[in-house]
Amino acid sequence: ALEDLTFTTANAVNVVFVLLSGFLVFLMQGGFAMLEAGSVRTKNTKNVLLKNVLDACCGVIAFYVFGFAFSSGEPSNAFIGYGNFALADFPKEQYREFFFAWTFAATAATIVSGCVAERTSFLAYLMYTVFVTSFVYPVVAHWIWSPSGWLSAENEDPLIGVGVFDFAGSTVVHVVGGFAGLMGAIIVGPRLGRFDEDGRVTPMPGHSATLVTLGGFLLWFGWYGFNTGSAGAATFVIDDPELIGSTVIQVVAANTTVAAAAGGITVLVLVRLRDGLFDLISSLNGILAGLVSITAGCAVVEPYGAFAIGLIGGSIYVLSSWSLLLLRIDDPLDAYPVHGSCGVWGTLAVGLLATKELMAMTSYNNDSWGLFYGGGFRLLGGQVIGVVSVIAWVVAIIGSFFLILQRLNLLRISPEQEMRGNDQIKHGGVAYPEMKTGTRTRRVVEP
Amino acid sequence: ALEDLTFTTANAVNVVFVLLSGFLVFLMQGGFAMLEAGSVRTKNTKNVLLKNVLDACCGVIAFYVFGFAFSSGEPSNAFIGYGNFALADFPKEQYREFFFAWTFAATAATIVSGCVAERTSFLAYLMYTVFVTSFVYPVVAHWIWSPSGWLSAENEDPLIGVGVFDFAGSTVVHVVGGFAGLMGAIIVGPRLGRFDEDGRVTPMPGHSATLVTLGGFLLWFGWYGFNTGSAGAATFVIDDPELIGSTVIQVVAANTTVAAAAGGITVLVLVRLRDGLFDLISSLNGILAGLVSITAGCAVVEPYGAFAIGLIGGSIYVLSSWSLLLLRIDDPLDAYPVHGSCGVWGTLAVGLLATKELMAMTSYNNDSWGLFYGGGFRLLGGQVIGVVSVIAWVVAIIGSFFLILQRLNLLRISPEQEMRGNDQIKHGGVAYPEMKTGTRTRRVVEP
Amino acid sequence: ALEDLTFTTANAVNVVFVLLSGFLVFLMQGGFAMLEAGSVRTKNTKNVLLKNVLDACCGVIAFYVFGFAFSSGEPSNAFIGYGNFALADFPKEQYREFFFAWTFAATAATIVSGCVAERTSFLAYLMYTVFVTSFVYPVVAHWIWSPSGWLSAENEDPLIGVGVFDFAGSTVVHVVGGFAGLMGAIIVGPRLGRFDEDGRVTPMPGHSATLVTLGGFLLWFGWYGFNTGSAGAATFVIDDPELIGSTVIQVVAANTTVAAAAGGITVLVLVRLRDGLFDLISSLNGILAGLVSITAGCAVVEPYGAFAIGLIGGSIYVLSSWSLLLLRIDDPLDAYPVHGSCGVWGTLAVGLLATKELMAMTSYNNDSWGLFYGGGFRLLGGQVIGVVSVIAWVVAIIGSFFLILQRLNLLRISPEQEMRGNDQIKHGGVAYPEMKTGTRTRRVVEP
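Protein chains in written order, with the working numbering: chain A, 1 to 447; chain B, 1 to 447; chain C, 1 to 447.
Every clue listed holds true.
The list that follows gives simulated cross-link-like pairs (lysine to aspartate or glutamate, DMTMM-like), each with its CA atoms no further than 20 Å apart:
hint : chain 1 : residue 1 : chain 2 : residue 2
1    : B       : 426       : C       : 275
2    : A       : 356       : C       : 89
3    : A       : 426       : B       : 275
4    : B       : 92        : C       : 357
5    : C       : 426       : A       : 275
6    : C       : 436       : A       : 434
7    : B       : 356       : A       : 89
8    : B       : 436       : A       : 434
9    : C       : 92        : A       : 357
10   : B       : 356       : A       : 93
Keep in mind that the hints were calculated from the coordinates and are not lab data.
It should be emphasised that the depicted structure is a prediction, and the values quoted were computed from it without experimental measurement.
All chains should be built: construct the whole structure from the sequences, respecting the hints.
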């Protein structure tokens with residue numbers, strides 16, 4: 001009986017930990033909603049809010065019926081799972097896995113709403129969100145996180161002996177969301193008036209810096225659930241029976257914090273040097289850049305490694321955001337620079353900065369670690385293969401998807417709707433019916 | 001010593017789980033505040049915010065001194081508890097029960113502030129909130145959740161052999177709040193200008209769709225604490241010593257998610273079919289409708305059952321909201337359709353869709369389950385008796401309470417105050433002193 | 001093996017509890033950001049938001065490199081720690097201590113941004129925040145919370161036999177932040193136009209009461225993590241192996257709740273009596289006053305003691321806020337009255353109201369308790385010495401710091417910048433580019 005209680009309790013700790021972490025990850029949906037609402041103009045506020053609400057809702061159903069089966073169902077092969085549809089025959093004592101996995105799928109999906117904001121049709125967005133949460137994302141999650149996945153580090157015979165190490169999803173969640181968004185931003189095209197004939201950029205500031213900041217804090221908060229909860233357990237035991245499991249989540253919390261801060265400060269400084277002002281919105285994006293960058297390696301790097309990862313992540317964000325403008329790609333939220341570019345960097349950084357001690361502690365494997373600690377190129381090689389494969393998959397399948405929608409004339413709203421705003425035309429009225437809004441002052445700047 | 005540590009730890013897991021769940025439920029107060037603030041006009045924003053702040057505060061003191069004793073105190077009889085006033089002699093190692101129960105009482109109370117918003121006097125509202133949290137709600141909680149309560153499923157000799165099964169409070173919290181609010185909305189009467197002589201409805205949109213959305217996400221987030229925390233423990237043991245307790249909370253998390261999503265999507269579709277637009281606010285109410293509907297049965301239905309419950313809950317919300325307009329009852333937040341109607345539905349749904357396996361796992365009883373699974377009418381009968389009894393209690397006592405306030409001329413603010421707004425007259429100025437607000441465009445629509 | 005699992009699990013419960021509590025404390029950064037943004041005028045919104053974002057970020061790096069070593073590093077002496085810089089050689093299985101401690105340091109730092117809002121230079125604020133999180137706060141944390149600290153109740157030979165009892169930081173966090181802010185408010189001087197020649201006060205209401213309310217709820221929510229998490233563990237064992245550790249956190253949750261409510265109601269009533277209106281903002285400050293006041297004693301007083309502490313805390317807040325105006329000190333957020341004055345009161349209240357039973361349960365000491373329970377003056381004496389010492393330290397070092405910045409002409413922005421607002425001049429544009437803002441109506445009132 002004592003033994004039973006011990007096992008029951010150990011299990012309960014893990015269940016409680018994963019569920020509560022999942023609740024925090026869920027709140028990131030609210031964070032994204034605030035971030036995106038604040039970043040668009042008032043005329044499209046209800047539109048982007050409803051997209052965020054609906055990708056959470058549609059994501060549940062799509063992931064419940066199909067997505068979870070494709071990512072984690074049994075039986076499965078190296079490419080995909082094909083059982084446990086609609087949770088059929090899935091053991092109730094593991095439902096936390098479904099819940100936690102859903103919050104990740106919803107995160108991957110919602111990233112795109114930022115990239116394509118203010119000019120994409122509502123129905124096209126809903127079709128996209130169902131497609132991503134039911135199929136595109138789950139396949140990637142299966143590749144990397146299912147023991148049978150062909151890229152998995154937990155595979156019995158992992159690719160080039162290591163597979164891909166992606167602790168909480170720099171690639172699985174953020175590269176998927178970021179590159180899907182990039183495809184969307186390119187194919188749907190820039191907002192009317194965003195670039196003039198000479199390629200100069202018209203600033204289109206969002207309507208509320210406060211909402212963006214609120215969203216940023218909610219995301220940082222939720223990210224603690226995202227990264228620590230990815231440990232999956234707080235008590236699992238490997239070598240040292242006393243502390244390993246719970247040590248991992250402590251390392252994750254510390255590294256997540258350090259990288260977020262390093263990203264935020266780096267962008268503040270870089271933008272100050274470039275533009276001569278202390279910029280709030282880009283600093284918040286710098287924090288998110290740091291968070292995305294540390295997501296893959298949060299359990300396996302030292303805090304000073306996390307600092308370096310966040311610092312470089314912030315720099316990559318600034319460069320990547322600037323590149324998009326040069327290429328005349330309009331990403332109103334800078335969601336691709338944050339999630340796509342930094343997702344790639346975070347995945348590769350594992351190959352550079354993972355320590356032997358921490359790689360062993362996470363139970364994945366004991367014999368490969370980061371290049372900078374003398375671990376050679378093998379781990380880095382696995383990371384490169386993983387991220388390239390996932391980008392290829394996302395670009396191919398989501399690119400095709402958006403191109404088909406474009407051909408069917410379903411992707412973009414009419415210029416009239418874009419000028420007047422989605423809220424008036426499609427959503428029954430403006431978000432702030434009592435607020436007098438003025439014309440935004442236009443400045444034209446060089447990218 | 002090892003045995004001691006095992007018991008200590010098992011207990012600690014439960015304590016931590018219940019406290020953290022309670023913290024999430026508390027945050028629903030903030031969610032309601034944002035939801036309600038966004039749903040009223042700027043001239044009453046501070047008024048509704050202060051009502052939300054104060055029902056939390058007054059709710060603490062009222063529930064601490066009286067409410068907890070009436071709901072959970074000992075000694076007690078079938079109707080009410082009458083000991084442990086002000087936590088006297090209540091064991092400190094169970095204070096979590098007080099804390100968690102308070103967050104529920106505060107939720108029941110705050111629902112009403114939506115129904116009667118924009119025209120109810122501040123003092124009347126404070127008196128109401130003290131009355132509900134100190135007496136009306138605790139009595140119902142005692143009936144259904146105390147082992148000595150006459151409707152309790154845990155009663156040694158439960159009513160018609162089953163009592164009422166209400167896992168997290170579709171009836172105890174939401175029917176109480178919803179029907180109290182309905183009484184208030186009827187007795188205080190509609191806002192000036194809400195209905196014209198021909199019964200047509202003048203839309204009075206709230207001032208910020210963004211705040212409503214933020215509130216919706218905070219409520220969904222808090223609801224995870226509300227429903228899972230109602231398990232009361234993460235490690236309790238019945239048949240299978242290893243997994244039962246922690247399994248319940250996993251089932252709850254999954255079902256809560258699926259029902260919320262089903263409710264949101266259903267309302268989006270129904271309103272699109274009826275009005276031809278994708279409506280944000282009603283979709284958010286659809287999510288809440290799904291959440292209220294699943295609250296009673298979240299631990300005892302299959303996920304596809306949760307889907308059905310959310311789908312029907314969303315439909316009931318739409319019908320119920322439309323009915324209120326037909327009846328010229330002005331509920332600015334649609335709080336009755338969400339909490340009252342769906343609370344009834346959620347309670348009855350247990351009698352239809354509870355499975356034998358899950359009813360056994362929750363430890364309530366082993367020999368009654370849902371009609372649709374061949375469990376017969378007994379469980380459903382208990383649910384009907386329970387919900388009818390609670391409605392009768394609330395309508396009688398809260399109806400009398402509001403009628404007395406009305407007779408004493410304490411219930412409604414003056415027409416002048418209503419036109420100018422509460423904030424200017426009672427609260428020292430407007431919520432947004434720098435914002436230029438315009439006259440809302442009026443449309444007149446058929447209900 | 002069973003024994004190993006038992007220890008692992010007990011440890012995991014504590015780790016999960018402390019980490020999740022720390023996540024909630026982190027969210028207080030978002031709460032402060034919303035509270036402060038809503039309390040300033042639109043022209044300085046982005047400025048105060050960025051200060052909040054940056055004190056979190058800079059606080060991480062400063063505390064990671066220096067602060068944690070000074071507060072908790074080993075080796076150490078009675079004044080300061082001087083090892084484990086940048087977490088060097090600090091055991092990874094205790095990283096939660098760094099994480100949790102950082103969230104507290106960031107809280108202490110961010111309080112000041114309220115006191116000096118709308119007229120302090122951005123660089124001066126960043127320098128301040130790094131100074132506080134790297135040195136000023138950590139030294140105080142070391143004095144009181146490190147077993148080697150000269151004021152610590154856990155010192156082997158504590159000062160006057162008791163040391164200072166500050167469970168969650170009324171002194172360590174709030175007195176430090178509050179008095180640092182007071183120094184700032186005095187030295188930087190009032191906002192232009194805040195006081196006229198006759199000492200009359202021009203109200204400068206913040207631009208959004210909704211944001212202030214949201215901030216208040218987020219802070220109350222986060223405070224549950226702040227106070228319960230300060231137990232450091234949920235399962236530790238003293239006399240009674242079964243319940244002590246988990247009992248402490250339950251007492252804390254209940255007391256925190258009761259004191260918050262008492263503070264809010266008290267201020268509502270007092271301001272109603274004085275000004276004849278139900279005031280939202282000061283009621284929210286009353287809640288915060290209750291929370292600050294209970295922070296030191298939340299684990300060692302009875303709930304009715306918490307009620308008294310909150311009630312007196314609310315009264316002290318009102319008096320203190322009124323005194324500042326009389327003294328022509330401009331604290332736009334009333335952050336000193338909330339954190340400074342109530343922090344002092346909360347610390348002293350322990351010496352009056354701590355019970356013998358609960359003092360024993362917290363493991364600090366068994367033989368001193370509150371004056372009102374016959375414990376004599378010893379505990380109260382320790383509290384007085386502690387709070388006086390900390391105030392002396394903060395006033396001396398932070399006063400000098402701000403005076404030096406002032407001499408170097410780095411502290412205050414130019415009158416032109418203050419009139420036009422920081423956002424236009426330093427941060428690239430206003431927070432709400434589409435909102436038409438009007439001139440605030442001026443009233444002149446007697447203090």
